[in-house]
Amino acid sequence: MALVEPTPDGRFGEFGGRYVPETLVPACQELEEAFREAWADDGFRTELHVLLRDYGGRPSPLTECHRLGEELGGVRMLLKREDLNHTGSHKINNVLGQALLAKRMGKTRLVAETGAGQHGVATATAAALFGMSCMVYMGEVDMTRQELNVFRMRLLGAEVTPAVSGSRTLKDAVNEAMRDWVATVGDTAYCLGSVMGPHPYPWMVREFHRVIGDEARAQCEALLGAGEVPDVVTACVGGGSNAMGIFSGFADSSAELVGVEPAGGAAVGRGVPGVVHGMKSYLMQDEWGQVQEAQSISAGLDYPGVGPEHSFLASIGRARYEQVSDAEVIEAFQLLSRTEGIIPALEPAHALAWVSRDREALAGRTVLLNLSGRGDKDVAQMMEILG
Amino acid sequence: MTAALTDSATGVAGVAPAPSEPGVLETALRAARADGRKLLIPYVTGGLGTDWVETVRAVAEAGADAIEIGIPFSDPVMDGPVIQEASEKALRAGATPQSVLDQLRNSDAGVPLAVMTYYNIAFHMGHERFAAALGDAGVAAAILPDLPLEESGEWAVAADAAGIETVMLAAPTAPDERLPRVCARARGFVYAVGLLGVTGERDALASSATIIARRIKDVTDKPVLIGVGISNAAQAVEACQVADGVVIGSSVVRRMLAGEGPLGVAAYVAEVRAALDAS
Chain A
1 MALVEPTPDG RFGEFGGRYV PETLVPACQE LEEAFREAWA DDGFRTELHV
51 LLRDYGGRPS PLTECHRLGE ELGGVRMLLK REDLNHTGSH KINNVLGQAL
101 LAKRMGKTRL VAETGAGQHG VATATAAALF GMSCMVYMGE VDMTRQELNV
151 FRMRLLGAEV TPAVSGSRTL KDAVNEAMRD WVATVGDTAY CLGSVMGPHP
201 YPWMVREFHR VIGDEARAQC EALLGAGEVP DVVTACVGGG SNAMGIFSGF
251 ADSSAELVGV EPAGGAAVGR GVPGVVHGMK SYLMQDEWGQ VQEAQSISAG
301 LDYPGVGPEH SFLASIGRAR YEQVSDAEVI EAFQLLSRTE GIIPALEPAH
351 ALAWVSRDRE ALAGRTVLLN LSGRGDKDVA QMMEILG
Chain B
388 MTAALTDSAT GVAGVAPAPS EPGVLETALR AARADGRKLL IPYVTGGLGT
438 DWVETVRAVA EAGADAIEIG IPFSDPVMDG PVIQEASEKA LRAGATPQSV
488 LDQLRNSDAG VPLAVMTYYN IAFHMGHERF AAALGDAGVA AAILPDLPLE
538 ESGEWAVAAD AAGIETVMLA APTAPDERLP RVCARARGFV YAVGLLGVTG
588 ERDALASSAT IIARRIKDVT DKPVLIGVGI SNAAQAVEAC QVADGVVIGS
638 SVVRRMLAGE GPLGVAAYVA EVRAALDAS
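Protein chains in written order, with the numbering used here: chain A, 1 to 387; chain B, 388 to 666.
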């Protein structure tokens, strides 16, 4: 099955929708219309393609990791190198798309939420590039553990406001960004950082990231032979944007799709359907429907929900979702650094942690892993953990 | 949802218009309006402090026409700092939808009650069960600010069947063609969102408040109350030059958080009541 457009009411199966305050309904409708029109416009596509190439550094390479593969006991490991993009992660694909769309819609200000800071940095970067003002909301807890990215965003000219309510992490940053947008919807575009939120975001953000999967599909064919695909395609899942990006290139193939969630933020693995942040999706919540706080070593995956299309893919069995512990992630972080000279972000280290744990079952198979970001931002935190 | 359920009044497949017979809340508000009275609905966070039910009774005696009871939710995206803080405090103190409703059942407030909460609370409990729980607690209406017209179909079927009135919000951003469709689904009253933004007190009444109230009144004869940003008696009076009434939330809850107690909060509500009656 190829991934398709959601239904007119923004659903993938039963998931998705547009559960927003009435104030934002017209804005979401306007955004959907603008995106639909821009995405069908060759001029817009070309402009974005050129930006991604000349500014973003695309296409990102596919790297075969021989030493890692040997260390894992004979898994053929391919990495899609989103860590080599400008700003250090896949987030730039979506942000350049949304910023270009915002400009086309006549918006002059971008507002964003950020967890680890990668989406915030990417949004601040796009705002600088397009001469727009930029406000990033970030959980107070995350501002401490990702201090460097806070400085980066400010250097890029963005304002960073701490989210001080609730768990003071990504979930609360989304709340603050939505509250900002409710008040500023006239001149402001909400540059949402994952395949989540109200329709059209889950669809639009997936479309902006499908370049990852399309490139990887062609690169795998060049490496493995015409018509060949990897046995397994894997990526980490918080909201799930990098995973949707790479899955979109392989959903219609025989490749097994595996999303990897942190055990402390496993919406698919441990959640039940719920509604928050504009969407119906799997959600970690208590017996009354209060949203639970996620607990993960990785600020970027510290989120109790997940994009609705992941919930859909899980419900129909097209993708499966695994959970890994913080300890397994720390191991994987070191493993890739040591064997390949690539320091991964803690987020994609989750996907590698699963491969490493399941290495026996994966022996002799080809695994494509989306290396969604580089680890520079995590080095200080890891220095503390590893002493 | 099937096309057969499409109703031209709401313009959304699966969203039938509200039953034409007014419910308890709408009947009460219409009667008060017919008497020339400006409508006043204070908001009280359920489960905030040990005396919140007393506050509900005191506020009713102070001249409220109905009372909005907030069932605290973990992620209140339409609420500003005051109601966020109140929600967090109530949740930390162990408030649940059931505990709030259980306490309300015996509140004997003497005016209609409307629950304000977020959709996941209803969705998680199940639409029918939540609607029945509201009815069982003597609640007349529900306000779900993150459940817009397009998503309201399944909830509205259950609410209508249980006799629970679903209040709809109408915002300044709505194009003209949208307002009559929202009003067609509204029961109890139409909640005019006074400004672009979340709940909270402001120095002055936003000019958008009376503009949206006027636009709504032009398309419906249901009671129209302005909420979000009504911060004191003077602003309530100004809003009621166009609207049928006001909802006051943060200015009430701020006094609860400050420990003013049922009497202090009621004194404030009485002050707003007196100003409206004198206007």
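None of these hints come from the bench; they were simulated from the model.
Careful, some of the hints might be misleading.
As the list claims (entries may be wrong) - Residues of chain A placed beyond 10 Å of chain B at every Cβ, according to the derived structure:
| id | residue |
| --- | --- |
| 1 | D9 |
| 2 | R179 |
| 3 | A327 |
As the list claims (entries may be wrong) - Output of the computed footprint for chain B on chain A, the stretches with three or more beta carbons under 8 Å from beta carbons of chain B:
| id | segment |
| --- | --- |
| 4 | 182-189 |
| 5 | 275-284 |
| 6 | 356-367 |
Unchecked claim - Facing chain A, according to a computed beta carbon distance under 7 Å, are these residues of chain B, among others:
| id | residue |
| --- | --- |
| 7 | M465 |
| 8 | Q471 |
| 9 | P484 |
| 10 | L488 |
| 11 | D489 |
| 12 | F510 |
| 13 | E541 |
| 14 | V544 |
| 15 | L556 |
| 16 | V580 |
Note that this is a predicted model, so its numbers are computed, not measured.
Each residue gets a CB set at the ideal place from its N, CA and C atoms; glycine is no exception.
**Request:** Count the residues of the segment 356-367 of chain A whose CB lies closer than 8 Å to any CB of chain B, then report whether that count reaches three.
**Result:** violated (count 0)
**A/A327 non-interfacial with respect to chain B [C-beta, more than 10 Å]** = About 28 Å separates A/A327 from the closest Cβ of chain B, which puts it past 10 Å; holds.
**Message:** Can you verify the interface hint for B/F510: is its Cβ closer than 7 Å to any Cβ in chain A?
**Reply:** 5 Å, holds
**Item:** Per-residue hint verdict: B/V544, partner chain A, C-beta under 7 Å
**Value:** 16 Å, violated
**Message:** Less than 7 Å between beta-carbons is the criterion; does B/P484 satisfy it with respect to chain A?
**Reply:** Since chain A brings a Cβ to about 6 Å from B/P484, closer than 7 Å, the hint holds.
**Message:** Confirm or reject: A/D9 is not an interface residue toward chain B, with every Cβ-Cβ distance exceeding 10 Å.
**Reply:** 7 Å, violated
**Asked** Count the residues of the segment 182-189 of chain A with a beta-carbon closer than 8 Å to any beta-carbon of chain B: does the count reach three?
**Response** With 5 residues in contact (Cβ-Cβ under 8 Å with chain B), the coverage given for the segment 182-189 of chain A holds.
**Request:** Under 7 Å, Cβ to Cβ, is where B/M465 needs to be relative to chain A, so tell me if that hint holds or is violated.
**Result:** The hint holds - B/M465 has a Cβ within 7 Å of chain A, the shortest such distance being about 5 Å.
**Prompt:** Are three or more residues of the segment 275-284 of chain A within 8 Å, CB to CB, of chain B?
**Reply:** holds (count 6)
**Satisfaction of the B/E541 interface hint, Cβ to chain A closer than 7 Å** = 11 Å, violated
**Prompt:** Taking the least C-beta to C-beta distance, is B/V580 closer than 7 Å to chain A?
**Reply:** 6 Å, holds
**Message:** Holds or violated: the hint that B/L488 contacts chain A, with Cβ atoms closer than 7 Å.
**Reply:** Result: violated, 11 Å to nearest chain A Cβ.
Hint violations for this structure: numbers 1, 2, 6, 10, 11, 13, 14, all remaining hints satisfied.
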